[in-house]
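Asker: Listed below, chain by chain, are the residues.
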Amino acid sequence: MGFKRFDPEDFVVSADTVTSTVWSGFQPSLNSYFTSSVQKEGTSGPYYLNVFQTGSGVQGSEIQFAIAFGDETGRGSVDFDTAVPGVSPSRTIYGQYRTLVLEDENADFPFGINFTGSYFYALNVERARYKEKLFPGSMNLVISSSNPQINSITLTDNSNEVTLPEYFGTMRAYQVISGSDGTAWNGNGYSFSGSYGLFLPDISTILLNGAALDDSSTPGTSGLNDGCGIGLGTVLTSNTNGDNNSKLFRHISASSGNTNGKIFELNSQETITSDFVFVRTRNSEFNYSENPSFISGSTGEVIFNYFINNPQTFPTCVGMYNDANELLAAAKLSRPISKDFTKEALIRVKLDF
Amino acid sequence: MGYLNNSVITVDAILTKKGRELLAKNDGSFRITQFALADDEIDYTLYNPTHPSGSAYYGEAIENMPLLEAFPDEQQMMKYKLVTLPRGTAKLPVLDLGYASINMKQGAQLAITPQTLNYLGAQQTFESSGYSATVGDVRLFSQFQGQGINTTAAATANATATQTIGTNISATVTGTQINLTATTVNTLFGSQTQLRTTLTVIGLDSGARLTIPVTITQNRLT
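Taken in sequence, the protein lines are chains V and G.
Add 14 to a position in the first sequence, counting from 1, and you land on the number used in this note's numbering.
Add 799 to a position in the second sequence, counting from 1, and you land on the number used in this note's numbering.
Because the hints were derived from the structure by calculation, they are not lab data.
Taking lysine-lysine and the BS3-like style, the derived pairs with C-alpha atoms no more than 25 Å apart in a straight line are:
no. : chain 1 : residue 1 : chain 2 : residue 2
1   : V       : 147       : V       : 364
2   : G       : 878       : V       : 364
3   : V       : 147       : V       : 276
4   : G       : 878       : V       : 18
5   : V       : 261       : V       : 54
6   : V       : 18        : V       : 357
7   : V       : 364       : G       : 816
8   : V       : 357       : G       : 890
9   : G       : 816       : V       : 145
10  : G       : 878       : V       : 357
11  : V       : 18        : G       : 890
12  : V       : 364       : G       : 824
13  : G       : 878       : G       : 816
14  : G       : 816       : V       : 18
Beyond 10 Å from chain G on every Cβ pair, some chain V residues (computed):
no. : residue
15  : 158
16  : 176
17  : 183
18  : 263
Stretches of chain G that chain V covers, calculated by requiring three or more beta carbons in the stretch to come under 8 Å of a beta carbon on chain V:
no. : region
19  : 813–819
20  : 828–839
21  : 852–866
22  : 881–894
23  : 1002–1008
Even for Gly, the Cβ is constructed at its ideal location relative to N, Cα and C.
Please take these sequences and the hints and turn them into a complete structure.
Answerer: Laid out in structure tokens, this is it:
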């Protein structure tokens, strides 16, 4: 008999989580930033700005993330039609994320406690950079400052500060705070204008609170909410091209990073479901082989007389079949294992989907 | 006193081309129910039952050999299966198809009735579970059927035998008799006058395996 049926207990389903950096080349930190003038001046330019790790014309250049500016009343960008004031790309972006995240066209973005934002910057990680979602606690973004009070600010999510994330519908959300590795520097890490944004791992998006970034006050004057902004200077004039995407881009690209020179650290997370199949062979099984070198001639005699009472086989592969004897999956061992009437083998086969 | 080695060998499996095909069909045919072991790549002439250092070294040359990674083509994997036979077996089961190779013309029919030699003490016998036959490229046959086995598994296998819309894929049927009808489709030949594939037959009880070449010759228009 060449086939042996599995027992139900031979199958175990397991789900494991793996994490990886999101940036090209498996770099843990994105430290160089480029844009494409072609994209910026194209039809998508008013909506978002793609950010590359090298010059956009260089071989191997890949989009890392995009920056988009959204405003509730369409400020900071030019109206589509002067006869319809306030309907502009920034309002489109705002409505897009409001529908996606808040699932309510009348809701406002809750940045922290008792503060709702009317404008934000969205950092949207390129789809090709991750497989499933972002990994909470891995974000460290150092943004340079125009606020003379500070040189830069380091933003992270507050996943280590809370026991449970907030939920918008079925979507997890963490507040973006001043701190690193998911932990606040001080207090809750909020700014004077609520949190610094929302970290949305399930849609791989970071919304930065525009009001918090625009703040230019002195840090440490307001108890727990002692974080100031970077004086970003968002243009909030109606029917005006404020080029706000580029403003944030310049503050990120001009950053000198943390003490190790790292500017933007971010990891992704993926759940891999595996089938573990246990292949059990008893001592009396699989001790002869149909290998042509196991027999001599065409009549089937074993190659060595020694094999008549002491057959020895060396399995190298495990094949898994359906009832129709079709080979569905196969695994190779790293080296042959010895099998005879005095040995049993237990092989755990991992099948990923 | 030392520690016994209680480790479990863990290996990663890959889906074969057939596995991916059945997974894509999503009709329940991708259901692993049984396994087999094989010793592809092993050359038993390297086994040395007269090794001067003793029996612990008989398989030395084989046990340390590096192995290749798995191939996704199911025709190239699990070629030489290990079989379970009573201790003291001096002769291994061998298949006899009655043909060393198959040569057919377009549209020709052929029935193959495999037999097994040296199995269960019989010099020549038909296996009660039947035989599984796999053709490497199902496009070469307009009919590829197994008959003579009435189990549910065999009926399912034969009823859902792979259909193709032009891709080179294998097909497996089960039976005591395998019926073949060579294709009449001229476009498959292109500028060639012959098409070639392989037919692999496996005894489901004995595990004996035999692969023979198949050639289909085009009927030339004069």
